[in-house]
Structure formats: structure tokens, C-alpha cells
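Using this note's numbering, the letters of the sequence shown map in sequence onto residues 18 to 317.
Accuracy of the hints is not assured; some may be wrong.
[Said to hold, decoys possible] List of simulated lysine to aspartate or glutamate pairs, EDC-like, C-alpha gap at most 20 Å:
hint	residue 1	residue 2
1	K311	E127
2	K223	D305
3	K223	E300
4	K223	E211
5	K271	D254
6	K311	E292
7	K248	D181
8	K271	E309
9	K271	E221
10	K248	E127
11	K223	E127
12	K311	E211
13	K271	E211
14	K223	E292
15	K248	E270
16	K248	E211
Bear in mind the hints are in silico, worked out from the structure with no lab data behind them.
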Amino acid sequence: MRAATPHRMPVLRGRVEAGASLAPFTWFRVGGPAEWLARPADTEDLLSLLAALDPETPLTVLGAASNLIIRDGGLPGVTLRLPARGFGGIAVEADGIVAGAAALDATVAEHAAAAGLAGLEFLSGIPGSIGGALAMNAGAYGREIVDVLDWAEVATPDGLLRLDAAGLQLAYRHAALPPRGIVTRARLRAAPGEAAAIAARMAEIKASREATQPVRARTGGSTFRNPPGQKAWALIDAAGCRGLRLGGAQVSEKHTNFLLNTGGATAADLESLGEQVRARVLEHAGIDLHWEIKRIGVPA
18 MRAATPHRMP VLRGRVEAGA SLAPFTWFRV GGPAEWLARP ADTEDLLSLL
68 AALDPETPLT VLGAASNLII RDGGLPGVTL RLPARGFGGI AVEADGIVAG
118 AAALDATVAE HAAAAGLAGL EFLSGIPGSI GGALAMNAGA YGREIVDVLD
168 WAEVATPDGL LRLDAAGLQL AYRHAALPPR GIVTRARLRA APGEAAAIAA
218 RMAEIKASRE ATQPVRARTG GSTFRNPPGQ KAWALIDAAG CRGLRLGGAQ
268 VSEKHTNFLL NTGGATAADL ESLGEQVRAR VLEHAGIDLH WEIKRIGVPA
């Protein structure tokens, strides 16, 4: 990709790559390249980058990219991906877990379970990383990040902040991060519990996901938010969209609130199919579905 206005990249101790392909990082396996892909070595390196970066340079942060469509034209400016080596640490405490932004949600749940800490089992049902979970107040199986968050550390161009749930204004699938703020780690509350009960709950969540969701497909998690008092999947099903296809994209027959890349789909296929689904639901039920999957970047 060639940006209309090339952007300068500050020097990092970590890795920097121009024109890097981003499709391999996304669960859908689609999307164009990054003008610059930066992987800071640690929090200090990240803070230096944010302080030195031209405020006019576009900045995008990728977590596990499990709930994301990157458009086929790619991302201008700087795309940040926090590596596990500098941002994936997990520390177990007596009544909680401190986890780096790059730590996977399921891995955090496993560490809590191994330590006999209850209350974080729901994380095992959320595909993605802790940073991404914070950035959208992710939730599953009756709990959300807002229910367990003590604090999150957020890197900004002006330094490192520590914010609680109120400071982040956590709401349904929403967090208000400071301008150019990037979550680096968070502390999640938990409580001592019975190991057998914790293990049973995690097994129940795993079985439920495998029975109802296309967990082994190229997908992106829940496509649309649930409207108040409604289930998005049921509205999509009632509108006749189960199995609907466009190019290499398909509405899952197993769970209609999931889109699939069946092989060879483009980001445009997936986004256009999602818009077809929205139009059919609006016509059938009079309800305007809102995307839960983020769609970013430049069209082809």
C-alpha cells in the first residue's frame, strides 16, 4: 500500500516493518497491509513512540484481531501490535490477576483456575487479548470486564495513566480510552473458590462454545450487537440469512451472528455481506443492527 502522504516512523528498540501484511494477524485472514507495523519492546519503548509520533499520523492498535475486519486497502500510518514478550505477562495475586495487554483472555482464565481463583471463568469464552477486552468491555456468559476490573494502565503521549472502570466509562461493548491511549496491563478481581467448581464452569463454557459457535472456522466472533431485549442471531435467522453467501463470505449456519471466510473471501465480501444482513433484518423486523465487529482501514 502506498499512502497518499507518507508518514515518518520514530526509531524503536522493538521491531518496525514497512508494508507488512496484516491478514495473517486477523482471525478472518483478510485485509491489506500496514504502512508501518511497529512492535514495541516494552512499555517504555511504547511510551517513547507515542511521545515522538506526529499527532497527524494515523495510529491503529491490533490485539488478537479476533473481532476485526481490516479493509483490503490496508491501514495508513502506524499500526501497533504489542508482542507477548513485552506485554503478555500474567501475575497471580491472592485476590486477582495482573495481566499484560497481549495476554490471551483464555490464558488468564486458565491461570486463575490453576490458582483456585473464581470469577474470571467467563474470559475462557472470549476470543482475544486482555487489551482488546478492555478496549471494548468484552463480555460473555453473563459477565463483562466492567464486573471484574480494578484498574488498567494506559500508555498515552503524555505518560502512563492508571484508570478504573469509572475512569474508562465502561459500558456495553464500550470503553472511553484517552486520546491515543493504549492499554498495557490490567488488574482483574477474583476470589478464592473451589477448584472443582471453577473447572466445571470452564468446561461448561467450552462445551457451549463448541456446540453453538463455529470456533474452528475463519471467523470474527459476534458480528452484531444484541439490540435491547433481542438476540441478534434470532433476528438474522428470522430474516432468512442463515447460510447466506457473498463471494467467499458466508453467514454461519451454526450460529447466524457469525460471518465466515470459507476460503478466498475479501474484507469487502465480509463487510458487504454484513450490510446485506443488516438490510434484511431492517426490512423484516424494523430493527437496525449495529456492528460489534470493528471495521477499519481503506477500501481496496
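Item to check | Hints violated by the structure (listed by number, smallest first) | outcome: Going through the list in order, the structure violates hints 1, 2, 3, 7, 10, 12, 13, 14, 16 and respects the others.
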